[in-house]
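Chemist: What follows is the residue order along each chain.
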Amino acid sequence: MNKELSREERADALSGMGCKRKRVEDARFTQGKGNYVDDIKLPGMLFGDFVRSPYAHARIKSINTDAAMALDGVVAVLTAADLAPLGLHWMPTLAGDKQMVLADGKVLFQGQEVAYVVAKDRYIAADAVELVEVEYEELDVIVDPFASLESDVVLREDLVAEDGSLPDGAHGPRKHHNHIFTWEVGDKETTEQVIGDAEVVAEDMFYYHRTHPCPLETCGCVASMDKVNGKLTLYGTFQAPHAIRTVVSLISGIEEHNIRVISPDIGGGFGNKVGAYPGYVCSVVASIVTGVPVKWVEDRMENLMTTAFARDYWMKGKIAATKEGKITGLWCHTTADHGGFDACADPTKFPAGFMNICTGSYDIPVAYLAVDGVYTNKAPGGVSYRCSFRVTEAVYFIERMIEVLAIELNMDPAELRRINFIKKEQFPYKSALGWEYDSGDYHTAWDKALEAVDYKGLRAEQAQRVEDFKAGKTRSLMGIGLTFFTEIVGAGPVKNCDILGLGMFDSCEIRIHPTGSAIARLGTISQGQGHATTFAQILATEIGLPADSITIEEGDTDTAPYGLGTYGSRSTPVAGAATAMAGRKIRAKAQMIAAYLLEVHDDDVEFDVDRFVVKGAPEKFKTMKEIAFAAYNQAIPGIEPGLEAVSYYDPPNMTYPFGAYVCVMDIDVDTGVTDIRRFYALDDCGTRINPMIIEGQIHGGLTEALAVALGQEIAYDDMGNVKTGTLMDFFLPTAWEVPNYETDHTVTPSPHHPIGAKGVGESPHVGGVPCFSNAVNDAFKAFGLRHTHMPHDHWRIWQTANKLGLHG
Amino acid sequence: MELSDEIRISAPKDVVYAALNDPEVLKQCIPGCEELIKHSDTELEAKVVLKVGPVKAKFSGDVELDTAGAPDQFSLVGQGNGGPAGHAKGGADVTLIEDGNETILRYEAKAEIGGKLAQLGSRLIQSTAKKLAAKFFTSFAEVMESQTVA
Numbered sequence: 016m017n018k019e020l021s022r023e024e025r026a027d028a029l030s031g032m033g034c035k036r037k038r039v040e041d042a043r044f045t046q047g048k049g050n051y052v053d054d055i056k057l058p059g060m061l062f063g064d065f066v067r068s069p070y071a072h073a074r075i076k077s078i079n080t081d082a083a084m085a086l087d088g089v090v091a092v093l094t095a096a097d098l099a100p101l102g103l104h105w106m107p108t109l110a111g112d113k114q115m116v117l118a119d120g121k122v123l124f125q126g127q128e129v130a131y132v133v134a135k136d137r138y139i140a141a142d143a144v145e146l147v148e149v150e151y152e153e154l155d156v157i158v159d160p161f162a163s164l165e166s167d168v169v170l171r172e173d174l175v176a177e178d179g180s181l182p183d184g185a186h187g188p189r190k191h192h193n194h195i196f197t198w199e200v201g202d203k204e205t206t207e208q209v210i211g212d213a214e215v216v217a218e219d220m221f222y223y224h225r226t227h228p229c230p231l232e233t234c235g236c237v238a239s240m241d242k243v244n245g246k247l248t249l250y251g252t253f254q255a256p257h258a259i260r261t262v263v264s265l266i267s268g269i270e271e272h273n274i275r276v277i278s279p280d281i282g283g284g285f286g287n288k289v290g291a292y293p294g295y296v297c298s299v300v301a302s303i304v305t306g307v308p309v310k311w312v313e314d315r316m317e318n319l320m321t322t323a324f325a326r327d328y329w330m331k332g333k334i335a336a337t338k339e340g341k342i343t344g345l346w347c348h349t350t351a352d353h354g355g356f357d358a359c360a361d362p363t364k365f366p367a368g369f370m371n372i373c374t375g376s377y378d379i380p381v382a383y384l385a386v387d388g389v390y391t392n393k394a395p396g397g398v399s400y401r402c403s404f405r406v407t408e409a410v411y412f413i414e415r416m417i418e419v420l421a422i423e424l425n426m427d428p429a430e431l432r433r434i435n436f437i438k439k440e441q442f443p444y445k446s447a448l449g450w451e452y453d454s455g456d457y458h459t460a461w462d463k464a465l466e467a468v469d470y471k472g473l474r475a476e477q478a479q480r481v482e483d484f485k486a487g488k489t490r491s492l493m494g495i496g497l498t499f500f501t502e503i504v505g506a507g508p509v510k511n512c513d514i515l516g517l518g519m520f521d522s523c524e525i526r527i528h529p530t531g532s533a534i535a536r537l538g539t540i541s542q543g544q545g546h547a548t549t550f551a552q553i554l555a556t557e558i559g560l561p562a563d564s565i566t567i568e569e570g571d572t573d574t575a576p577y578g579l580g581t582y583g584s585r586s587t588p589v590a591g592a593a594t595a596m597a598g599r600k601i602r603a604k605a606q607m608i609a610a611y612l613l614e615v616h617d618d619d620v621e622f623d624v625d626r627f628v629v630k631g632a633p634e635k636f637k638t639m640k641e642i643a644f645a646a647y648n649q650a651i652p653g654i655e656p657g658l659e660a661v662s663y664y665d666p667p668n669m670t671y672p673f674g675a676y677v678c679v680m681d682i683d684v685d686t687g688v689t690d691i692r693r694f695y696a697l698d699d700c701g702t703r704i705n706p707m708i709i710e711g712q713i714h715g716g717l718t719e720a721l722a723v724a725l726g727q728e729i730a731y732d733d734m735g736n737v738k739t740g741t742l743m744d745f746f747l748p749t750a751w752e753v754p755n756y757e758t759d760h761t762v763t764p765s766p767h768h769p770i771g772a773k774g775v776g777e778s779p780h781v782g783g784v785p786c787f788s789n790a791v792n793d794a795f796k797a798f799g800l801r802h803t804h805m806p807h808d809h810w811r812i813w814q815t816a817n818k819l820g821l822h823g
Numbered sequence: 327m328e329l330s331d332e333i334r335i336s337a338p339k340d341v342v343y344a345a346l347n348d349p350e351v352l353k354q355c356i357p358g359c360e361e362l363i364k365h366s367d368t369e370l371e372a373k374v375v376l377k378v379g380p381v382k383a384k385f386s387g388d389v390e391l392d393t394a395g396a397p398d399q400f401s402l403v404g405q406g407n408g409g410p411a412g413h414a415k416g417g418a419d420v421t422l423i424e425d426g427n428e429t430i431l432r433y434e435a436k437a438e439i440g441g442k443l444a445q446l447g448s449r450l451i452q453s454t455a456k457k458l459a460a461k462f463f464t465s466f467a468e469v470m471e472s473q474t475v476a
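So the protein sequences, as listed, match chains A and B.
Position 236 of the first sequence, counted from 1, bears residue number 251 in my numbering, the numbering being contiguous throughout.
Position 50 of the second sequence, counted from 1, bears residue number 376 in my numbering, the numbering being contiguous throughout.
Only true hints are included.
Using 27 Å as the maximum straight-line C-alpha spacing, the simulated BS3-like pairs for lysine-lysine come out as follows:
(1) A:K738 x B:K382
(2) B:K436 x A:K738
(3) B:K384 x A:K76
(4) A:K331 x A:K445
(5) B:K364 x B:K456
(6) A:K76 x B:K373
(7) A:K76 x B:K382
Calculated directly from the structure, the hints in this document are not laboratory data.
Let the sequences and hints guide you as you build the complete structure.
Modeler: Below is the structure:
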């Protein structure tokens, strides 16, 4: 007879919430046994490749495909003319605009898809691409959004009526032919009045440069049309497989039950794989036309140049305060460069995402935000690179604004933050721009962070360094980067969050097997987050079966319940909640079964870790394993056999994770080289499901933040050439650049989430970018610098030092 | 992208000017030039193989000369297309100054490069262009000297 386990031992045996369970995915990933899109090989499969425009803005005078078609092994070359009869030469974007699938008469950005070659192997396809002759007539190129709004050059003739008037766009009136929308939130009049009357006003322009999520695996798909049964199977790198199925159905007219979308293993998404791209449409068409499967996988340059950039926001801000530093108002006007088509991935009612979280962690009584979206000759996209919709932009804006205000007030920026934080007792807190923050304890987190790094000591050391520099004893300066961020994640309540009309709920379906193991399927899809590990932990705790006995499956729309996918840190807040709720449904039925088996009333049994016990008599119990078997195999009056549950969770509110970050950086004034001496990250993501996975997420997010802040960008020259189209020019940090991170946490559960979790995958990126940037700016503060734009690569830092006269 | 330089050639100005208008001489001196056809005194057509970083492509282009200031100065504008590899356009102002039996050739050139060439080779273009220009004039000076000697 086994020794009776204690309650704690039984809980440990489940590997439930809060434990550092090892990632179950890693066994296959670390052995090279993952199954990615490019690993899918179907009989007779053909390969697609794009002819892309070398010009950023040009009219297409002719396309000659004869030479390409004559090449042995080429099966088809599609152009807009071939897609037009099907109505597929244009497609709707997620932002309510439309985008050319293949160039219809003109091109609007370098790398735009012009023709799609289908061949027997990808080498032949690539050779044939070079044989397609396209005659272009160059047009004037616009790469600057401010110039675009002044220009006579019409980028989108399709959006100008014949009489020259401008029909409304998806988000209201347009004031210029290159203008997309104006989005306004808050009280403009009062805000401007407060700023006009303020004792102190700080004002500046912050450019958050264009960059790219650059996942290690690029975007791709395999489309396979079975002409016998009329069923289309589409494998792809989709962050939202169900939404892709619905969109494909709406665009193609194929009934939704005849479309099966499968997201296999995905090698990182970070927002890049949310959108619908021409490659998917062309592959589907090619498979329908040829009757065999067609694979399309981007190369690195195509990925960087054409699919889903991020940021490109010019944010002009004004912040008002009293002489004592109490903030009285915030004003922001953003000029958003969306490229040639508006393909931003934002909830429909939020054309600039949740940019209106830009009041940050501060109790700001009045605020106003306006965003103007603008067309330019750049690639479309505007996705949320490792952040909830435009939250990174918002947090960067307010955290730079605070630093500039601190300079204006001649006040310590840590203290300025402290006196303006929303207080613990103010939650739930209604912000001036309309959000209801669920919970927070900012002062506690801030104090903990500042104490951990000995903030006062750091400032003293920094002051000494400045003295030494002035005295010629050192050529190195020291920057202290501070950030306190509040995120808004977990989109979102269906009442105000939808994408293309699809409500942003999520789902979980659980099937318990008779022997007490289980499978749970979700509407989300892991791209490295470790869902198979963490969702099993949630369930282990909720239903009392070991996490190791629970399979988590996602990404196959024929089997998984409908959900809106994984991005914007929504998996835990939304699908995680659905998982807990579905688990509770299982438990409710299990309770009835247990009561029957124990011959007591339902109310007389209670859940205890892995079993139901008779209240007051814990020696009388039925384990969940026993209950599962009985559920299937024992005739119980009034209860149908089986043990399954499904939950669709429509969150009542977003969740608001927060954190306090400090970066200590040394900068070599003569070379511009930065050395991150210390990085401390305190995150509060509410209830913590797996601390090891959280730590991994934080390391990854901080590293992507370092990349963006210190060098990563998609840069264009005046002709619209992408200057950073390869990994030689586009900065991806390696172990060489990455410092040691110190992680820490507080726990302030979300009051409305079933398990109190808030989501964490994007926090370190959102908080990290301003923290690195603030450190660089702070290093030069003593020499008169107010603000310098990212990315802070060595060359730009050297230029900053040079302009400040620090090179003697 | 802008380039400028000057070079001393051991030949009188009118000889230099004539050589600069001689397709055979130019073909010898332009790096990678496979074909140069003179359509008129002011119109040329060229086929040139160019390599910038990882991109190697055959460019075909047209060049138009403005000889109004000849033989003291002339200018040219041109454009070339390398198909999938990219495209380029640009121009140059050339001044010839007589210095005894020799000629000082001064040029100021401007070029815009687009397409794959620009994407892959952005950090190599300036140095490649300088190298190509230097190569041209070195060859040109050599051809002039051999002609003068002959």
